[in-house]
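Asks: All chains, full assembly: derive it from the sequences and hints.
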Amino acid sequence: QETYIPLVSKGFQHQFWQAVKAGADQASEEFGVAITFEGPDNETMVDRQIDMLAAALAKNPTAIGFAALDSQAAIPLLRQAQEKGIPVIAFDSGVDSDIPVTTASTDNIAAASLAADKMAEKIGGSGKVAVVAHDQTSRTGVDRRDGFLNRIKDKYPDIEVVTVQYGAGDHLKSTELTKAILTANPDLKGIFGTNEGSAIGVVNGVSEMGKSDLVIIGYDSGKAQKDAIRSGLMAGAITQNPVGIGYETVKAALEASQGKEVPAHIDTGFYYYDSSNIDDPKIAAVLYD
Amino acid sequence: MTNLVLMKGIEKRFPGVHALKNVSFELNSGEVHALMGENGAGKSTLMKVLSGIYPKDGGELFVNGQEVELDGPRASQDLGIGIIHQELSLMNDLTVAQNIFIGREPRLRFGRLDEAALNARAVEIFRSMNLGLDPKTIVGELTIAKQQMVEIAKALSYESRVLIMDEPTAALNDAEIAELFTIIRRLKADGVGIIYISHKMDELKQIADRVTVMRDGAYIGTVEAADTPVSKIISMMVGREVTNDPVVIPDLSGAETMLEVTGLSRGREIQDVSFSVKKGEILGFAGLMGAGRTEVARAIFGADPRDSGEIRVHGKSCSISKPADAVKAGIGYLSEDRKHFGLATGMDVRTNVALASLDRFSSRFGVLRETDMRKTAQDYIGKLEIRTPSDRQEVRLLSGGNQQKVVIAKWLYRDCDILIFDEPTRGIDVGAKSEIYKLLKNLASEGRAIIVISSELPEVMRLSHRIAVMCEGRLTGILPGGEETTQEDIMHLATLRAPSMQPEGYPQ
Amino acid sequence: MTVVNSSSTPSLFARLIDTGAHQKLLAFASLIMLLIGFSIASPNFMQTSNMIAILQATSVNGVLAVAATLVIITGGIDLSVGTLMTFCAVIAGVVLTNLGMPLPIGVLAAIGAGAFCGLCSGTFVAKMKIPPFIATLGMMLILKGLSLVISDTRPIYFNDTPGFDQISRGSLIGDIFPALPIPNGVLILFIVALAAAYILGRTVLGRYTFALGSNEEAVRLSGVNTDFWKMSVYSLAGAICGIAGILIASRLNSAQPALGLGYELEAIAAVVIGGTSLSGGRGTVLGTLIGALIMAVLTNGLRVLSVAQEWQTVVTGAIIILAVYADMVRKKKA
Amino acid sequence: MTVVNSSSTPSLFARLIDTGAHQKLLAFASLIMLLIGFSIASPNFMQTSNMIAILQATSVNGVLAVAATLVIITGGIDLSVGTLMTFCAVIAGVVLTNLGMPLPIGVLAAIGAGAFCGLCSGTFVAKMKIPPFIATLGMMLILKGLSLVISDTRPIYFNDTPGFDQISRGSLIGDIFPALPIPNGVLILFIVALAAAYILGRTVLGRYTFALGSNEEAVRLSGVNTDFWKMSVYSLAGAICGIAGILIASRLNSAQPALGLGYELEAIAAVVIGGTSLSGGRGTVLGTLIGALIMAVLTNGLRVLSVAQEWQTVVTGAIIILAVYADMVRKKKA
Ligand SMILES: Nc1ncnc2c1ncn2[C@@H]1O[C@H](COP(=O)(O)OP(=O)(O)OP(=O)(O)O)[C@@H](O)[C@H]1O
Ligand SMILES: Nc1ncnc2c1ncn2[C@@H]1O[C@H](COP(=O)(O)OP(=O)(O)OP(=O)(O)O)[C@@H](O)[C@H]1O
Ligand SMILES: [Mg+2]
Ligand SMILES: [Mg+2]
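Protein chains in written order, with the numbering used here: chain A, 572 to 860; chain B, 44 to 551; chain C, 5 to 338; chain D, 5 to 338.
Since the hints were made in silico from the structure, they are not lab data. From the three backbone atoms N, C-alpha and C, an ideal C-beta is built for every residue, glycine too. The reader is advised that the hints may include incorrect statements.
Lysine-lysine pairs mimicking DSS-like chemistry, simulated, CA-CA at most 30 Å apart [unchecked claim]:
(1) B:K371 - D:K336
(2) D:K336 - B:K365
(3) D:K131 - B:K359
(4) C:K336 - B:K189
(5) D:K336 - B:K51
(6) A:K693 - A:K726
(7) B:K481 - B:K243
(8) B:K231 - D:K336
(9) B:K189 - C:K335
(10) B:K371 - C:K131
Computed footprint of chain A on chain C; a stretch qualifies when at least three of its residues, placed anywhere within it, have a C-beta under 8 Å from a C-beta of chain A [what the hints assert, rightly or not]:
(11) 57-69
(12) 154-163
(13) 263-272
(14) 300-308
Below, a sample of chain B positions facing chain D; criterion: calculated Cβ distance under 7 Å [claimed, not checked]:
(15) I96
(16) L295
(17) G297
(18) G373
(19) F384
(20) A387
(21) M390
(22) A399
(23) S406
(24) G409
(25) I479
Replies: What follows is the structure in structure tokens.
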């Protein structure tokens with residue numbers, strides 16, 4: 572029987588998830604396994620993800636990769652997988668359970684803290700900043716927002732985060748809300764966009780308002796974000812290693828199904844990049860278009 | 044004895060229309076009081092005030108000698124006032140019985156319905172009306188005539204002390220009207236007061252005790268029905284004399300055959316119908332309710348599909364599969380159901396008049412010439428005496444008869460060679476009726492072929508050069524028009540259920 | 005009992021569901037065709053566990069679609085079903101987890117909250133004459149926001165309420181017939197559907213639901229308090245959304261405050277695929293159930309076939325159109 | 005010219021926009037009240053730059069709402085406007101970036117693709133008699149999937165097409181009157197709205213659009229080829245969505261294939277707030293513009309006031325209901 576590993580992710584259309592998929596595809600070719608990659612339209616659709624997981628289990632796969640939108644919700648199905656002897660690999664974020672054999676993920680809180688440090692550095696340690704986040708309730712949205720906010724609160728008492736607004740990662744919505752933030756806060760010094768759509772929206776909004784002295788810190792990559800960093804519109808961005816996440820997930824899944832030992836946690840890492848190191852081979856390898 | 048109903052100095056205004064001006068009306072128990080007037084005179088409006096649908100702007104209203112204020116239909120129902128509306132107001136998706144007892148369903152405990160009792164009570168009412176109708180039929184599937192019967196049954200089911208009938212017979216044939224009159228007489232004997240609105244003058248003598256006439260929203264007078272000549276009532280209504288010329292049958296032996304239908308069939312509704320109409324001829328179609336005349340007209344017009352049959356216009360075979368094809372071939376069809384099939388009621392008079400001929404009002408790029416449209420509409424408003432504040436008035440705000448005139452104007456302007464009029468005078472007042480008759484005759488003498496479908500035998504006889512009679516989907520015969528054909532001849536063919544057919548003459 | 009007899013007096017079940025006896029349930033054929041098609045295409049599809057997964061996927065959407073059916077038959081539309089479901093789930097979370105009340109109170113609170121919100125929508129529509137589309141769009145947004153406010157934008161977990169997750173996930177049927185582990189959520193869907201069909205077909209409320217959609221003015225002219233009945237229908241629909249809230253909360257063992265957007269279109273699609281007319285006056289609960297099943301089978305089947313996700317969407321759209329088209333053709337023939 | 009005279013021949017502009025002369029544009033008052041309210045609440049609100057930001061935020065949604073208006077007046081509904089916009093943007097991306105064609109061809113391709121997809125929806129509705137809700141829901145899903153397929157689930161950038169971003173972001177007006185830097189996107193919205201109002205009020209197509217919504221059967225029985233006209237309306241609406249696709253692509257300087265879901269409800273909301281009836285037969289483009297502006301002012305104002313996101317949603321929902329309610333009350337009085 573063919574080796575088949577479905578990956579049930581948190582999303583599908585966003586560039587980040589497409590990059591994860593690219594990594595998984597790469598591994599599937601390298602190891603000669605069949606994979607599928609699926610995710611709901613947005614990160615609120617917890618029950619839709621559960622249905623996807625159920626359909627994946629119906630196919631009697633060799634192993635499953637799973638990026639839980641909500642860990643608790645999936646536990647009965649994960650238990651079912653365990654009973655059938657199908658190893659589960661968590662990716663992107665962990666599952667509060669001992670069922671997954673390993674987790675391949677980025678520490679979003681630490682990554683967002685780094686973004687806060689960079690922001691503080693660029694604006695000189697004081698002033699007003701804002702956050703354009705992609706989601707108010709999802710794990711990644713909450714972690715990146717709170718990672719940023721908590722670091723500012725703990726370490727930079729002179730920096731005030733005037734507002735956090737949510738644009739669902741929609742480029743246009745994020746653009747409009749950036750403009751509203753700028754209208755309300757003419758003296759704003761910097762904005763942090765928590766994913767690709769948010770970051771691009773911030774760049775668009777700032778340039779449409781004709782501002783040039785604003786510090787923008789982004790997240791993830793993509794062509795537009797890379798261009799913005801090269802042209803100086805964006806000061807810099809955090810990138811995870813989505814291709815690595817995809818690759819490692821498939822690899823670990825395969826090894827687990829073969830009974831091999833896998834590490835309990837695979838940290839795929841994150842990096843801060845700006846115009847100075849964007850072409851650095853180590854950075855360029857984790858960026859995607 | 045106190046009046047059952049007494050209305051004094053009633054006023055009602057709509058935007059741009061002073062619909063009721065100081066109108067008075069009284070009704071005694073056990074009497075049938077006819078309310079007459081031209082289209083738009085304000086009859087329906089007065090009755091809507093009485094039944095609590097419109098609040099009155101002024102005047103006093105007494106029921107059983109008590110002054111009352113009606114704050115809704117329920118209040119009027121509670122006072123024992125029932126109404127049959129001019130425009131059908133039924134729930135098409137519900138069954139006949141469910142419609143009749145809406146709001147008063149027999150119930151079991153916990154809000155459960157007693158459907159068996161509901162149907163049984165409907166059957167009881169139908170029996171008293173001598174009507175064979177399955178209470179479980181969905182109302183939307185009935186013909187208008189049957190729907191009208193359902194409305195009547197519903198009004199009867201209230202067992203009201205006052206029963207308002209706003210043109211109950213507009214869609215009925217003679218047999219059904221006779222049945223209705225029997226019911227009315229019975230109610231009368233029970234002491235019910237009935238307000239009866241109709242444009243059919245011959246009904247007055249048969250049923251009415253007194254007649255009140257309105258004109259232009261004002262009260263004109265009340266007379267005894269028995270000793271007032273109809274012509275007097277008509278002149279009270281119209282303010283002038285109305286004449287009706289007898290039918291003159293032209294010699295059409297040399298005229299070209301304009302429309303020829305052979306072997307038209309569809310299921311059980313239309314069975315092998317063949318006939319032809321000549322240039323300049325008016326062919327009348329008579330028959331009982333459900334005889335299939337409307338079906339034939341719709342099939343010719345392409346509104347419904349047909350199983351077989353050939354349609355030749357000017358001798359050439361036409362493949363008509365949709366109404367647009369028929370209009371292109373020069374056939375126009377004025378439907379019997381203006382509200383559903385004739386008018387875009389939410390749009391203004393101007394657009395409705397032009398609806399079948401918008402292409403004539405537009406430039407090459409599809410831009411409309413609004414001024415021309417206005418002129419045309421105003422022209423027809425004048426010609427047909429359509430009562431409307433302006434050509435921009437929404438059609439749904441016109442009185443029923445005036446709506447009908449708008450549909451007629453639409454087809455007159457379209458100027459088709461062959462015109463099929465299905466119940467063209469339904470709900471139209473005497474004055475306008477004779478205008479329409481004149482119009483149809485003129486159209487024929489201008490060289491058009493006219494088909495008139497009518498459930499009123501006098502109308503068919505007054506207009507037709509030849510009379511086609513249908514029964515149960517078959518054409519049972521074609522009679523000559525004029526003096527030599529009697530109502531009895533037509534009724535004989537209309538009830539000829541045996542499958543024998545002899546065109547042009549009497550069956551054996 | 006002879007054959008003739010059984011056809012002239014249909015079983016209680018058949019009568020309950022077929023509220024408009026004349027409406028043929030043609031969507032059924034599309035469902036069967038889909039099932040056969042997927043079974044042939046994939047051996048994994050027709051497993052008991054997958055059939056149960058499909059039923060379970062139907063349960064929440066099915067209950068929402070039943071609620072939407074009621075409102076649609078009155079000639080209205082309800083865009084708030086999805087976020088109302090979430091709101092009720094959050095209310096249950098607050099009552100059970102934050103306030104620590106016993107399970108039945110939480111369930112009642114959710115259903116009550118649903119009925120109350122439905123009553124609000126109904127009031128907007130009936131009393132304030134706001135078009136249903138706008139009234140329920142407004143409610144959708146209000147409830148979406150309130151769910152976040154009440155839950156403090158965090159999921160509320162039901163770990164302290166033992167048995168809560170069994171409401172949807174447990175299987176009473178499976179306890180009796182171990183071969184048929186149909187989850188309680190599915191059972192609840194069927195009970196809700198039966199109750200709704202009963203109400204529609206057998207009670208005064210149901211009668212007025214159809215009558216309102218058919219010709220509201222005529223009903224009003226018959227002296228019926230149309231406002232009252234309309235508000236009742238919206239409240240009932242709201243209460244049913246409350247049940248859906250309990251179902252989804254139980255299935256996820258948590259109240260997810262951001263969930264629910266987009267569910268309204270899916271529910272309405274199920275209603276329309278099931279043959280209910282958006283202009284009101286006609287419709288059946290059984291049709292809606294079949295519509296919801298068609299959607300669930302389609303989604304699941306394409307996944308089991310491992311169709312690429314972007315093509316799944318395309319095929320779903322095409323099949324929805326085709327299924328309704330097939331209905332139209334069959335209806336014409338019938 | 006006497007008063008009577010001037011009322012019977014209103015100015016060309018007034019006549020162009022007010023296709024149903026009797027329909028008063030009452031939503032306007034709500035808009036003014038919102039503007040005044042926000043100005044008082046925040047000194048930053050009434051800046052030129054913010055007003056322009058609001059106009060620009062209206063542009064895409066406004067164009068979509070104009071498209072939706074046409075279809076809604078026929079008595080239909082178009083759920084595909086959002087994903088069709090995206091699809092057209094992707095088509096423009098493929099033609100301009102992947103194939104390297106010149107700018108005008110890309111624009112025409114997008115509009116042509118929109119018209120074609122509209123024609124498909126129109127055919128489903130008119131010829132196949134599929135309810136518009138289902139036909140356009142199916143199209144919405146099909147186009148959503150196709151956008152991902154064609155773009156290979158990646159954004160397509162327009163960096164190689166100089167001037168493309170100026171279509172929406174540049175300001176011809178600003179070049180002439182530097183004090184009034186109104187972006188071209190807003191200009192395009194107004195041109196589209198004027199053209200649509202002209203078509204609705206002055207042409208055969210427009211007259212049939214209203215007539216179809218008023219009583220389709222009566223129009224058909226008047227010998228009008230209703231199918232043809234209905235398909236034309238859907239095509240026109242599709243072409244307008246194509247323009248919206250160009251606008252959004254130009255604004256983001258990229259075609260984002262995953263965007264567009266949810267835009268349909270916002271567009272339809274703008275239409276209904278603007279006084280167009282969802283049951284067809286009546287409506288104005290000016291009303292729709294005002295509806296779209298109300299939505300944009302509301303969103304912007306709440307953000308400028310830094311209202312917490314969850315409360316923004318609640319307030320938006322409440323104000324939408326209130327705005328329409330205020331209309332109802334004023335209409336009754338009038
Ligand atoms: N809701 C309304 N708004 C505006 N005008 C109205 C309204 N209802 C009736 N009218 C007008 O009031 C006048 C009286 O109408 P009504 O329906 O009472 O006439 P009618 O005597 O019943 O005529 P018909 O014999 O044609 O039915 C007409 O000019 C009509 O256009
Ligand atoms: N919409 C419909 N649904 C079902 N049956 C119909 C429908 N319309 C007409 N029929 C049936 O078709 C037959 C022919 O009706 P049609 O309306 O053609 O008769 P008609 O001679 O024009 O009579 P009327 O005076 O009622 O107009 C009747 O048996 C009628 O009940
Ligand atoms: Mg009248
Ligand atoms: Mg007839």
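Asks: Work down the list of hints and note, for each, if the structure agrees.
Replies: Hint check:
1. B:K371 - D:K336: Violated, at roughly 44 Å.
2. D:K336 - B:K365: Measuring from Cα to Cα gives roughly 41 Å; hence the hint is violated.
3. D:K131 - B:K359: The given pair, whose Cα atoms are some 29 Å apart, holds under the 30 Å limit.
4. C:K336 - B:K189: Status holds; Cα separation ~24 Å.
5. D:K336 - B:K51: 28 Å, holds
6. A:K693 - A:K726: Given pair K693 of chain A, K726 of chain A holds - Cα atoms ~15 Å apart, limit 30 Å.
7. B:K481 - B:K243: The given pair, whose Cα atoms are some 18 Å apart, holds under the 30 Å limit.
8. B:K231 - D:K336: Distance ~42 Å between K231 of chain B and K336 of chain D Cα, so the pair is violated.
9. B:K189 - C:K335: 25 Å, holds
10. B:K371 - C:K131: Distance of about 49 Å is beyond 30 Å: violated.
11. 57-69: holds (count 4)
12. 154-163: Since 5 is at least three, the answer is holds.
13. 263-272: holds (count 4)
14. 300-308: holds (count 4)
15. I96: Result: violated, 17 Å to nearest chain D Cβ.
16. L295: Hint violated; L295 of chain B Cβ to chain D Cβ min 27 Å, cut 7 Å.
17. G297: 31 Å, violated
18. G373: Since chain D brings no Cβ nearer than about 10 Å to G373 of chain B, farther than 7 Å, the hint is violated.
19. F384: Hint holds; F384 of chain B Cβ to chain D Cβ min 5 Å, cut 7 Å.
20. A387: 4 Å, holds
21. M390: Holds: closest Cβ of chain D sits about 5 Å from M390 of chain B, inside 7 Å.
22. A399: Since chain D brings a Cβ to about 4 Å from A399 of chain B, closer than 7 Å, the hint holds.
23. S406: The hint is violated - S406 of chain B has no Cβ within 7 Å of chain D, the shortest such distance being about 9 Å.
24. G409: With a minimum Cβ separation of about 4 Å from chain D (threshold 7 Å), the hint on G409 of chain B holds.
25. I479: Hint violated; I479 of chain B Cβ to chain D Cβ min 19 Å, cut 7 Å.
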